[in-house]
Structures are given as C-alpha cells and as structure tokens.
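Chain order of the listed sequences is A and B. Take any residue in the first sequence, count from 1 to its spot, add 11: that is its number in my numbering. Take any residue in the second sequence, count from 1 to its spot, add 1: that is its number in my numbering.
Keep in mind that a hint or two might mislead.
[Stated by the list, open to error] Listed next, with one range per pair, are the computed distances between beta-carbon atoms:
# : chain 1 : residue 1 : chain 2 : residue 2 : range
1 : A       : A175      : B       : R126      : 37 to 45 Å
2 : A       : V77       : B       : R116      : 25 to 33 Å
3 : A       : P153      : B       : E18       : 24 to 32 Å
Just so you know, these hints were derived from the structure itself, not from any lab. Glycine included, every Cβ here is placed at the ideal spot set by N, Cα and C.
Here is how the chains run, residue by residue.
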Amino acid sequence: MQVPGPVEYQRATSVSHALALLDRYGPGARVVAGGHSLIPMMKLRLAQPEMLVDINDLSELATIRVEDGELRMGALVRHADLLASALVGELVPMLHDAERVIADPVVRNRGTIGGSVCQADPSEDLSGAFGALRATAVVAGPAGDRTVPMREFFTGPYETVLGAGELLVQLRVPIVPGGGSAYVKVNRRAGDWAVAAAAAALRVHRGVVTEVGIGLTAVGAPQFVAPEAEDHLCGRPATEESFAAAGRLAAEHCRPSADQRGPVDYKRHLAGELTVRALRRAAARI
Amino acid sequence: MEITVQVNGRAHIRDVEPRLLLVHLLRDELGLTGTHWGCDTSNCGACTVWMDAVPVKSCTVLAVMADGRQVRTVEGLAGPGGLDPLQEAFATCHGLQCGFCTPGMLMTARWLLDRDPDPSEQDIREALSGQICRCTGYENVVRAVRHAAEAGRG
Chain A
12 MQVPGPVEYQ RATSVSHALA LLDRYGPGAR VVAGGHSLIP MMKLRLAQPE MLVDINDLSE
72 LATIRVEDGE LRMGALVRHA DLLASALVGE LVPMLHDAER VIADPVVRNR GTIGGSVCQA
132 DPSEDLSGAF GALRATAVVA GPAGDRTVPM REFFTGPYET VLGAGELLVQ LRVPIVPGGG
192 SAYVKVNRRA GDWAVAAAAA ALRVHRGVVT EVGIGLTAVG APQFVAPEAE DHLCGRPATE
252 ESFAAAGRLA AEHCRPSADQ RGPVDYKRHL AGELTVRALR RAAARI
Chain B
2 MEITVQVNGR AHIRDVEPRL LLVHLLRDEL GLTGTHWGCD TSNCGACTVW MDAVPVKSCT
62 VLAVMADGRQ VRTVEGLAGP GGLDPLQEAF ATCHGLQCGF CTPGMLMTAR WLLDRDPDPS
122 EQDIREALSG QICRCTGYEN VVRAVRHAAE AGRG
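Chain A with its partners taken away, still in its complex shape (with noise of 0.2 Å):
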C-alpha cells in the first residue's frame, strides 16, 4: 500500500492567493493541479511536501486562447481539455498528437499541461512539443510576472527554474501562418511513457525550410532539442534527403540513456527515424 506521508493541505482561491500560501509556507510548499506526477512521486516518498497549495479552482488558468499572435494556454488546462480544443488542433496539430498518446483519458482527464511541463520528467511528452514550437512560459511570482522560453526552463531532470515562491500561470506557443507541425511517439503499450518521441515544426517558403523546430523526448536531449539538426536544415530545401540528414544529426546529437525501455543504440536510432517522420508529417501538414 502506498500512502504519502504526513501533509498539510490548503485551497488557494486567486492566484495572488495560491502566491501568498506558497510565500508564506516556503520551500517546503508544493502546487498540486492534477496530481497525476505529484502524488505518485509523493506515495513513494521521493516527494514529501509539507503544504500542498491546490490551484484546482483557478478557473482562469484553464482558459485557451489567442491573443497577440499567440495560442495561449492556461497552466491548469487538462490534457483531455487541449486535446478536445479544435482550435489547438487546427492552429497546432503537434499538440493534439502528443496529447493523443499521453496516457489514457482517465488520467488525460485530471493532469494538467502545467503540471506535466513542472514534472520535467525527461519522457514527458509536452516538454520536446512545447520546446520544437519555441514555445514560452509566463511564470508568477512575488515580484510579478516573467517569462522564460521553454528551451530555457529545465536545469536537469526533474529539475525547473521555476522558484519555491513561484507558479507557472500560462504556456505560449507563437502561432505561424504556413507553419506545419507533428510529434511522432514509439512507447511499447498503449498509454506507456515513450521509448523515444520527435516533435517538428516547419515553416517552407518555395521549397525552402525558412524556420523550424525540432524537440526529442526520452532520449537526453538538452532542453528537450535538436539545435544542431535545426540549424543544418534551416535554409535548405524541405526534401527527403534534407529531413534525413536532419535526423542523423538529431541521432548523433542526443544522449539516450539504457534503461527498461530499452538500449542506447536503439534510442538513438529511433530519435533519428522519428525526427525525419515527424519532419515529413510536418511538411506535409502545411
């Protein structure tokens, strides 16, 4: 039987509210949304929090919308929410993919966008999405607000930089008229955590790639990236062999790790395949 530890519990009603409990409580305060990465850490005791703030009334942080030139989606937004926006599936298609494979629809129902990208579990799905769009994160905190572009707001597994006084309040994605975008998982079973996963972004302008994005999960890539792959391909023609030559780049680059779901070798491989797979669902979405 597993059961957290020993902790305290209060309900925040604002956010400059669910920010005053965590200021005032410290480091030892943590925020539960869905609890779906929490709770698990927290029943095993490699989490053991002594407040949990829960944001789960903050009706304004599950809000999707654009604005300025943004798809702009609340902290507290549920996967099966993202998933059933036919604006995020029409602006973003890379987002309904990923969303598609992240668990099952029970869990889908309760786990929240924010809550996943805080985790930092280096196999979460939304992390190598959100960093292949460029994607940036408003974070609150007692001075205000900031914002950190998610290719800069992991420092290591499991590990943000967000600090103990702040929340993550929305995510960002720059909306790209002509864009095309797709993430491409292997797991092993239906609702399983990916062997590896690729997310691309493309913007093509006469055969040419004039943007894009490349994010990898599973596999240890810094920030959830492929800056070497994207740099290669940027300014060349959006063919087969381009994506190919991206993809070893994006396999020679990462650093996949051996563990159950499987070796180094195969990682690696599938984080070149994907990237050229979801290049090529990408390009064809546009």
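Fit chain B to the supplied structure of chain A, relying on the hints for placement.
Coordinates of chain B only, in the frame set by chain A:
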C-alpha cells in the same frame, strides 16, 4: 481537516488527514467497496470514479481534493428502474469475468456512452485504454459496451 463530499447524491462529512486518498475514503470510511483498489499507480483504472462528471483514478486523487465536489461510484450507476443498461450488458456478454476491473470499466464506459451513444469498436477501445483487465478479456468488454449502446438506441 473536515470535508464534505457528495457521493452518489448523498453528502458525507468526515474529518480526514490530507494524505488520505479518495479510493480509501470511499472504501474504508464510507464502506463503498464497489470501487476497487488495484495497482495504486494510476495505471490499471480499477479505482475509476467520476468527480464532477468526469472519470478520474481515485488512487491518485486526495480525498481533500474532493471536498465540495460530486463523486459518482459504481454503486451510483443503477437507477430506481434497476441496473444500468451497461451493467446488464456486461452480464449478458460475459464482460465481467473475474470482476476486479469491472467497476472502472463501467464508470469509464458510461462516460463514453453519455458523450457518444453510438461508439465504434475503436472508440470503445480508446476510451477504455486506461482500464486494464488481467483476465485479458477485452473482447467481451468491448462487446458489452457495444451491446449497451445498441440497447440504448433501441
């Protein structure tokens, strides 16, 4: 702390530790043992109940998070007119088998049919992909959900 949870339409007031999981509140404090406690890791789905009208895995929800919310368990499926058509269909199609996964299967399948009264086999398989049957008897489960959908349309 004191919480009030509406379960199957009835308010329950309890003083609980914040670390108590919803599945244990339901089973141990309220005696509603229809909700099964399985893998404890939000994988198997046996503990699935509805909270505010959507299925959730109650081994990964704290009881205090259900304070002020509406919970529906498998005990709340049958109506005054008898069993839910899904429950009848599980019996007819031999979808129960050992019965351990059944409460979670039923709660998620009911949610599916409420939103989509005529799901395809693929829709059913996707909806139930977070419900694991260790008898591996998915065929009969899927058949039962289809049977209930057809009965509901008739």
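Status of each hint after checking the structure:
1. A:A175 / B:R126: 37 to 45 Å: Hint holds: Cβ distance 43 Å, inside 37 to 45 Å.
2. A:V77 / B:R116: 25 to 33 Å: holds (26 Å)
3. A:P153 / B:E18: 24 to 32 Å: 30 Å Cβ-Cβ, so the 24 to 32 Å window holds.
Checked against the numbered hints given earlier, this structure breaks none of them.
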